[in-house]
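**Q** Given the coordinates of chain Y, work out where chain F should sit on it, guided by the hints.
Number of protein chains: 2
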Amino acid sequence: MAPELQEENYTTGSAEPPQKTRVTVVGSGNWGSVAAKLIASNTRRLSSFHDEVRMWVFEETLPSGEKLTDAINRNNENVKYLPGIKLGKNVVADPDLENAVNGANMLVFVTPHQFMEGICRRLVGKVKADVEAISLIKGMEVKMEGPCMISTLISDQLGINCCVLMGANIANEIAVEKFSEATVGYREKKEIAQKWVQLFNTSYFIVTPVQDVEGVELCGTLKNVVAIAAGFVDGLEMGNNTKAAIMRIGLREMKAFSKMLFPSVKDTTFFESCGVADLITTCLGGRNRKVAEAFARNEGKRSFDELEAEMLQGQKLQGVSTAKEVYEVLSHRGWLDFFPLFATVHEICIGTLPPTAIVEHSERTPKM
Amino acid sequence: MAPELQEENYTTGSAEPPQKTRVTVVGSGNWGSVAAKLIASNTRRLSSFHDEVRMWVFEETLPSGEKLTDAINRNNENVKYLPGIKLGKNVVADPDLENAVNGANMLVFVTPHQFMEGICRRLVGKVKADVEAISLIKGMEVKMEGPCMISTLISDQLGINCCVLMGANIANEIAVEKFSEATVGYREKKEIAQKWVQLFNTSYFIVTPVQDVEGVELCGTLKNVVAIAAGFVDGLEMGNNTKAAIMRIGLREMKAFSKMLFPSVKDTTFFESCGVADLITTCLGGRNRKVAEAFARNEGKRSFDELEAEMLQGQKLQGVSTAKEVYEVLSHRGWLDFFPLFATVHEICIGTLPPTAIVEHSERTPKM
Numbered sequence: 001m002a003p004e005l006q007e008e009n010y011t012t013g014s015a016e017p018p019q020k021t022r023v024t025v026v027g028s029g030n031w032g033s034v035a036a037k038l039i040a041s042n043t044r045r046l047s048s049f050h051d052e053v054r055m056w057v058f059e060e061t062l063p064s065g066e067k068l069t070d071a072i073n074r075n076n077e078n079v080k081y082l083p084g085i086k087l088g089k090n091v092v093a094d095p096d097l098e099n100a101v102n103g104a105n106m107l108v109f110v111t112p113h114q115f116m117e118g119i120c121r122r123l124v125g126k127v128k129a130d131v132e133a134i135s136l137i138k139g140m141e142v143k144m145e146g147p148c149m150i151s152t153l154i155s156d157q158l159g160i161n162c163c164v165l166m167g168a169n170i171a172n173e174i175a176v177e178k179f180s181e182a183t184v185g186y187r188e189k190k191e192i193a194q195k196w197v198q199l200f201n202t203s204y205f206i207v208t209p210v211q212d213v214e215g216v217e218l219c220g221t222l223k224n225v226v227a228i229a230a231g232f233v234d235g236l237e238m239g240n241n242t243k244a245a246i247m248r249i250g251l252r253e254m255k256a257f258s259k260m261l262f263p264s265v266k267d268t269t270f271f272e273s274c275g276v277a278d279l280i281t282t283c284l285g286g287r288n289r290k291v292a293e294a295f296a297r298n299e300g301k302r303s304f305d306e307l308e309a310e311m312l313q314g315q316k317l318q319g320v321s322t323a324k325e326v327y328e329v330l331s332h333r334g335w336l337d338f339f340p341l342f343a344t345v346h347e348i349c350i351g352t353l354p355p356t357a358i359v360e361h362s363e364r365t366p367k368m
Numbered sequence: 001m002a003p004e005l006q007e008e009n010y011t012t013g014s015a016e017p018p019q020k021t022r023v024t025v026v027g028s029g030n031w032g033s034v035a036a037k038l039i040a041s042n043t044r045r046l047s048s049f050h051d052e053v054r055m056w057v058f059e060e061t062l063p064s065g066e067k068l069t070d071a072i073n074r075n076n077e078n079v080k081y082l083p084g085i086k087l088g089k090n091v092v093a094d095p096d097l098e099n100a101v102n103g104a105n106m107l108v109f110v111t112p113h114q115f116m117e118g119i120c121r122r123l124v125g126k127v128k129a130d131v132e133a134i135s136l137i138k139g140m141e142v143k144m145e146g147p148c149m150i151s152t153l154i155s156d157q158l159g160i161n162c163c164v165l166m167g168a169n170i171a172n173e174i175a176v177e178k179f180s181e182a183t184v185g186y187r188e189k190k191e192i193a194q195k196w197v198q199l200f201n202t203s204y205f206i207v208t209p210v211q212d213v214e215g216v217e218l219c220g221t222l223k224n225v226v227a228i229a230a231g232f233v234d235g236l237e238m239g240n241n242t243k244a245a246i247m248r249i250g251l252r253e254m255k256a257f258s259k260m261l262f263p264s265v266k267d268t269t270f271f272e273s274c275g276v277a278d279l280i281t282t283c284l285g286g287r288n289r290k291v292a293e294a295f296a297r298n299e300g301k302r303s304f305d306e307l308e309a310e311m312l313q314g315q316k317l318q319g320v321s322t323a324k325e326v327y328e329v330l331s332h333r334g335w336l337d338f339f340p341l342f343a344t345v346h347e348i349c350i351g352t353l354p355p356t357a358i359v360e361h362s363e364r365t366p367k368m
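These protein sequence lines are chains Y and F, in that order. Residues 1 to 368 in UniProt numbering are what the first sequence spells out, letter by letter. Residues 1 to 368 in UniProt numbering are what the second sequence spells out, letter by letter.
Excised from the complex, chain Y in its bound form (with noise of 0.2 Å):
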């Protein structure tokens, strides 16, 4: 696509046509399909881009005995992840991961994060050395030493560039076209961060490129820790006056340790969708809200693992775990006191205040 190529095909009209970007989805999840049928519709449509857009599938046998890639090429539908909704036929599914990225120029991942590290690996040396990356995945893990970016473990890992997409994206109310936004993070190239909001952009879907991977990143987990604060207040009733309260010096403390952590993160970063809209919609939805609220109800006398248990079918709490790591770096640099509702909600969650201090701790003024 350098230019002078497409010049010699005005000129003599005979050259190849400029090479197409071709893009590879890596994940077939709930999200991971959305994300397809989104990038699907614009590969048709731009020029620029191979119309094919391919899928990985983790492979499974379906109960009727056909294989999921074959169920769902036949049907162009994930008839297990997101049922009754057409991907367009130029998406293709395959159960082979290094076919499948082969020859791609853009890589999406889409995976539970707990699989990443092992996707990197098989990934090494398979890849284009030029190929683009973003990582749609939310809940990457904070370590003591810093939060462990899914971002950096692909740009390291493969040595490629990443950038990250983050919002309020309910995938279920996307992929019935239902209006929603989208943050796309981006490092210092912002061309390529224009061409994934190509990618991605369509009228339903308004997707705004913002040049802070770690502010963007940083929001799709630490958001899930305010959701069950918010699903405390929930719990004991106290109102929608308290719960905005509890919103704001959660997002509030969002940025603070965002910016504590990396210097780079940006302000206005928490006003667009990753940031404010993310945190409004899981706290308003969600899962970890729910499971909260049921914690604060049973007066913490049920524990989280129970409740997870018993409401979400063996699916865990991203919240309940994050707002561990969040503790253990606030406690290993000596932060505690700057951030008195992320550390009262895991002092909550493991059974050392009662759902109650959620307000009568949250309200005090960090020090700084």
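If you're looking for bench data, these hints aren't it; they were derived computationally from the structure.
A pair counts as met if it fits within one copy or between any two copies, since identical chains are not told apart.
Distance condition first, Cα-Cα at most 30 Å in a straight line; then the derived DSS-like pairs of lysine-lysine:
1) Lys-266 / Lys-190
2) Lys-143 / Lys-290
3) Lys-20 / Lys-189
4) Lys-290 / Lys-324
5) Lys-143 / Lys-301
6) Lys-143 / Lys-266
7) Lys-126 / Lys-189
8) Lys-259 / Lys-190
9) Lys-67 / Lys-80
10) Lys-126 / Lys-190
11) Lys-290 / Lys-80
12) Lys-301 / Lys-316
13) Lys-20 / Lys-89
14) Lys-259 / Lys-324
Please read these numbers as outputs of a predicted model, since none were measured by experiment.
**A** Below, chain F alone, put in the same frame as chain Y:
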């Protein structure tokens, strides 16, 4: 309270004690009564304030034949506007406006905003020259030449300094001492802002000062326009995702509009209680949201006037008239293209666009 006066006390023990600050609350509705309760709890506690808090009451005769002021003073309760809540024995209701403000060092204005011009006219020459004022009045008017700020009206008419207090403050929730926050906006004198904080702050009501009167005051008005938009989304049953996106776009337009009118307005103000938290409360509950929801459910076929009459017992919606006023400013200044959400809310309210336009139009990237 000059330091030398205090000093004198220590040495001679005979001089007059330093003069205590006297506080009067002008207004006694639902929020005014709660404000009096908050303040009274602090004047009892803090030696620098005179215990007694005077509250001007627009006199009414109760069905029992008793005067409202007598009932308040006898029961220590505003039986009409905040029944069931003790105000504190040091709150004294006074039906005489001039008497109520006589000798006051701090005036708290908390009346319906349409009464303020008349009240100010009556107070000219009746207040101390160095009296400090604060306005708790939400819903100033936005006139074509710019907003008519209540704090400016008070300052200009009485020739005194005027702060504002805004936030996610549902009076009945604060009355029963549920956790809440508020923001004091001040112009220059930080020590005055801190005195207001001292007067309002309690263990369950956390007040933060910010040097941005205009930003704080505009938040309190503009959020009602966003609440109308959020109500449309609810009525169209578009889900939490879309609602969060619309709230976020609304917050962005609140910020942009305020900054275009007053370049001194600070981004950080919108992270305070008066900003994001009040927006959340208003878009979750509140009558603007509720009537707008009904409007959208009826596909715009029943007018706001009709729905207001049916649902609000004669109260008028702030949001609808503010949307109209904002629209006039936008078209007068040629700013309509910068504010697709604000403009669309008004056009839906007057029937030019259908309620579904709220997402089709808000998604337009503002041309900035």
